[in-house]
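Residue numbers (this note's numbering), protein chains in the order written: chain P, 5 to 315; chain G, 210 to 653.
Note that these hints are calculated values from the structure, not bench results. One or more hints might be untrue.
With the Cβ distance kept under 7 Å, some of the chain P side facing chain G (calculated, not the full set) [said to hold, decoys possible]:
1) Tyr82
2) Lys91
3) Lys110
4) Phe164
We put the beta carbon where it would ideally sit given N, CA and C, even for glycine.
Given next are the chains, with one letter for each unit.
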Amino acid sequence: MPNLLVVENVSKSYGNFTALNNVSLEIPKGSIFGLLGPNGAGKTTLIRIINQITYPDSGRVIFDNAPLNQKHIQSIGYLPEERGLYKSMKVGEQALYLAQLKGMSKAQAKEKLHYWFDRLDIGHWWDKKIQELSKGMAQKIQFVVTVLHEPELLIFDEPFSGFDPINANLIKDEILRLNQQGTTIIFSTHRMESVEELCDQIALINRSNKILDGKLVDIKRSFKSGTYEIGIHCENQSELEQQLAQKFSVSPGEFKSFDGASSLRVKLNDKDSPNDLLHYLTSLGMVSHFVEVVPTVNEIFIEFVKDNVNG
Amino acid sequence: MDKLLLIIKREYLAKVRNKSFIVLTVLSPVLIVGMIALVVYLAKVNSDDKRVIAVLDESSFFDYHFQSSVQENYVEFKDIKLQTALDSVNQLGFYGLLYIPTGTHIDDVADQITFYTKVSPGLDFLSSLEQRIQHRIRDEKLKELEISPQGIKKLNQRFEMNIVNFSGQKNVKGISEIKAIIGGGFGYLIMMFIIIYGAFVMRSVIEEKTSRIIEVIISSVKPFQLMLGKIVGTSLAGITQFVIWIISAGLLSYVMLSFMGIEFDVINHQANISNGAIETLEASASKDTLQLYINELVQIPWVTLVVSFILYFSLGYLIYSSIYAAIGAAVDNETDTQQFVFPVITPLMLAIYVGFISVFDNPNGPIAVGFSLFPLTSPIVMMMRLPNGIGDGGVPWWQLITSIVILMITFLLIVWLAAKIYRVGILMYGKKPSYKELYKWLRY
């Protein structure tokens, strides 16, 4: 898949502080790209560079095979983490203004706004001032304003903050729908379960450096260690554990069994296949649970960032 | 460019539609004119309340000297004792009793003149009473010295210096004051505009920061565009306000004047204008002198003045308001602005004070020249010097050009620096700004 955005060796420092150190990224067209990292890692700086709010000290950014320039501003939609709207301005007027700043004509913007307002069922807010709306309502407006000009690239920084679960779901579905229509999405969040759910690709930035990137499935695959979590019913549990420990390395399982089955974690040796383990287990008792332990993004994140700090 | 226009339009409308702005625009002229009307009205009400003053003159030096006026009614008591007079004054509720004892010489009498009153009399009233008595004593003494009133009139000859410049043009007295007032007016206007609307720009920047919309906007436009649009939009709103003020104040004063014209007349009559002053007024109202004034006023280089006003006003306002914008960007809320705003206002104040003290006195002196070249004060101080014209006797050309060139260079430099601080500042939250911090931002 061709890349929509390529970040090449980008560095940026503020005085003595290095915000980004030689970071490179490739974001394929049509992907949902998770940009992860602890607070202060440099994600926001990178996003601001992509939005041309700040400029890199060295390195460059390629957008759709051309060096990033002012024309690309209207091809990008950005929902910053620190976001807000003019409080005393009316919803419709404000949305029109922001859309026009993105290069849309007034008529075009009006048409699209009505489409989105109808879609999210917020048309009756048009003449209200932002200060009359709740935070969640204002967030909806903010979302519409971000996607209104149908950019090729959408950048969401913590898009779900400020939404209740129902509206968060609504927005998530809209993001997925936009992605299906071909929009590339960069997603920066600390909510790892949504990364897990949405992202095809991720990059992990810590202390100004990119420390990990790639397809989510590849990363997960590379992090699994051939460990299985099993639940098994048998008469003598301690005997079972001893027998298993002779062939494999065994530790207590992390799931809770509801029906009194033993919960164990079993790590395969290199020569055994999962089938061998399953065969063996069925000979010992009734297997109620058998699942490969794949690290969650959350675990990968914590492990990597912790290692990075210690190292 | 399109985006800049959009921003200017929004900033203008946001300002103009603001409720407090509307209230201020509409109410200010009403308030000011209303206040003046109220003062005049109160003065009228006050003077309606006539004071009745009894005069007991035992000396007969002051016979028929106290004539009743709009404010005071004099009642002469004759042939009664002081105590009786006092009692009746008290009973009748008069304002007071002027007691003039008997005596052969006016000096002896004057020493003994006493005013009896319940309340301590107003300063105005007292001095007018004193003046009346003083006049009478003077007249009496002149009679003693055998000087006729005609002789006095001759003595009171006024002298006026004729002022002619080297090219033979006659100067009128007071014209330099008029010029100073015109120049001072322009300078004052520039200062007021900068202080009021510069603060508006600053507040608007802070509002964008605190409402967190700033990052959304600068992902669409350059920070500099936003800053410029904001400054221009706000100043257009300011100009709108000023124009409304001037027009409505003009209309209102016209209405007020036509209602109160009579009262002004009364006030003029009341005023104690000495004979000499009236003569001068009459003299200056003479056709020739009036013509001279008109000539002088016409000769004030109005075109130069207006052109330079526009130039100095725009450059000065842009310099200061971009500093204000940078301050707004550097802070998180308005309370933090004090430490930065004060040094900004200082040169403006200095310019006004220096202008009123030094420039009026000596428009081409070293202080006036210095301050009209220094870029942070030149818009105000140069405007005060300019009514004297350019070239001969006025501001030398080289000074005007140097001043404008320095101002333009400063303008570019300051806007560049302010834009840098602004660009960094708008995205900074929770940092206590200090001058050191700002200096660091300049290098980002």
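Each hint, compared with the structure:
Interface restraint check: P:Tyr82 against chain G, minimum CB-CB distance 4 Å, threshold 7 Å, status holds. Annotation: interface hint on P:Lys91 holds; nearest CB of chain G at approximately 5 Å, less than 7 Å. About 10 Å separates the beta-carbon of P:Lys110 from the nearest beta-carbon of chain G, more than 7 Å, and the hint is not met. A distance limit of 7 Å between C-beta atoms decides the matter here; for P:Phe164 the minimum to chain G is near 17 Å, and the interface restraint is violated.
Violated hints for the displayed structure, listed by number in ascending order: 3, 4.
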